[in-house]
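Residue numbers (the working numbering), protein chains in the order written: chain A, 1 to 146; chain B, 1001 to 1307.
These aren't lab readings, by the way, just hints derived from the structure by calculation.
Please read these numbers as outputs of a predicted model, since none were measured by experiment.
Be aware that one or more of the hints could be misleading.
[What the hints assert, rightly or not] Part of the chain B face toward chain A, derived, beta carbon under 7 Å:
| # | residue |
| --- | --- |
| 1 | ASN1233 |
| 2 | GLU1237 |
| 3 | GLY1238 |
| 4 | PHE1270 |
| 5 | ASP1271 |
| 6 | VAL1273 |
| 7 | GLY1275 |
For each residue, glycine too, the CB sits at the ideal point set by N, CA and C.
Single-letter residue listing:
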Amino acid sequence: MKRTITAITLAATAIFATVAIAAEPQELRQEAMKQVGGATGVLSKMAKGETPFDAAAAVAAFTTMNTVAKTYADLFPVGSETGFETEAKPEIWANMDDFKAKVAKFEADTAAAAAMTFADAGAVGAAFGTVAANCKACHEVYRVAK
Amino acid sequence: MAALPALWKWLAGAAGVAALCGVGFLLVIQPRGLTEERILGFPAGDAARGETVFWASGCASCHAAPGAKDDAKLLLAGGLELKTDFGTFVAPNISPSPRGIGGWGFRDFANAMLKGTSPEMAHYYPSFPYGSYARMTDQDIADLWEFMRALPQSDNVPPPNALNFPFSIRMGVGVWKALYLDTAPRVAVDTADAKLARGQYLVEGPGHCGECHTPRDAMGGFISGQWLAGGDNPDGEGRIPNITPGAKDVGAWSESEIVDYLATGFTPEFDSVGGSMVSVQQNMARLPKSDLEAIAAYLKAVPAVSQ
Chain A
1 MKRTITAITL AATAIFATVA IAAEPQELRQ EAMKQVGGAT GVLSKMAKGE
51 TPFDAAAAVA AFTTMNTVAK TYADLFPVGS ETGFETEAKP EIWANMDDFK
101 AKVAKFEADT AAAAAMTFAD AGAVGAAFGT VAANCKACHE VYRVAK
Chain B
1001 MAALPALWKW LAGAAGVAAL CGVGFLLVIQ PRGLTEERIL GFPAGDAARG
1051 ETVFWASGCA SCHAAPGAKD DAKLLLAGGL ELKTDFGTFV APNISPSPRG
1101 IGGWGFRDFA NAMLKGTSPE MAHYYPSFPY GSYARMTDQD IADLWEFMRA
1151 LPQSDNVPPP NALNFPFSIR MGVGVWKALY LDTAPRVAVD TADAKLARGQ
1201 YLVEGPGHCG ECHTPRDAMG GFISGQWLAG GDNPDGEGRI PNITPGAKDV
1251 GAWSESEIVD YLATGFTPEF DSVGGSMVSV QQNMARLPKS DLEAIAAYLK
1301 AVPAVSQ
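Starting from the given sequences, assemble the full structure and let the hints guide the process.
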């Protein structure tokens, strides 16, 4: 238990150094996903040409995702299955190994993308496509319908 | 004493009426197929066009093996379980193998899609969304048949449905059909606008969006005035969202945002598609953009229902 709490604390610190007070895992997960959503917006708009190509911004966005991915699976301790409007399905805890494997793939894919040198928006789009497949793969089975 | 024969007469009459009603009721709830003339009137199908109809109709979302991706979605082996208030429905094998629909002729396929009736003249449960497919054009049915009969074969034999009484009585589906199976438009939109008409066709017909996005009554029929207003997830936790213009979230999306969502799986806030909608979105992403634009236009034209 103590280890879990340490992990959560570390995750919380890593994800938002700005949040001073301790938050519930459910809230930390939601905040983490909002960060990923923000990074997704940057990449999607760039890939579609709605915003100018910016290699550094693309790498930063993939890095944000990767930072979240590194500790995300730690935010699902036993006891955080319900409450705080969580959209996590109970299947996460029933299939924790598979859930962790999916998060690990997200981590690996975002690390690979963050290490790339992008020449144009098309290259960003291709890398984004690979990374974005992880969103659906996990949300398809582990997030409640909404 | 004179009253007695009158009473008997009345009883006999009442019994007769009851028997006639019973016969009438049985006739009403009888499984039906299309007439011979109707079958002969179908146009020739085209497999290439049928592929678009296949994705628009979402066949693979239930009939491919659970979790199938990409080309594996074309193997319609069945086996997906839909755990509903009526019991568990198991999607059958509809690949063109002897274990699936390999022995079917076009008549069997058209009867299934448009009448919800099997080759053995039994009712299908409306978990197979023929209540929507009944609105499909003859051309689309013919094209889809040509596409599906050429798909890979699976010898999988999924387990049977496990339904709760009284829904386990298949004949009861005849009551559902008598009450709810028709081809009338779900809502009135300006069908002089070709884009809206196409959107209405895709959403109300092959796309069968209302099957999950419209709340149902205890008999399994759509609740009047609630078209696409969302409801309990028929298959687990959570809510199926309201997608009318009155919806809290989706109602605020622009047409192009709806198109983007269907094409990419990302909401305007860059949340990703989830749950059973993942598979639906992946089907939609295979349609021409003009079809996604038609769907978006229609979703903006349906009556707003607020939650």
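Results for each hint:
| no. | hint | in the structure |
| --- | --- | --- |
| 1 | ASN1233 | holds (4 Å) |
| 2 | GLU1237 | holds (4 Å) |
| 3 | GLY1238 | holds (3 Å) |
| 4 | PHE1270 | holds (4 Å) |
| 5 | ASP1271 | holds (6 Å) |
| 6 | VAL1273 | holds (6 Å) |
| 7 | GLY1275 | holds (4 Å) |
Going down the numbered hints, you'll see the structure goes against none, and every one checks out.
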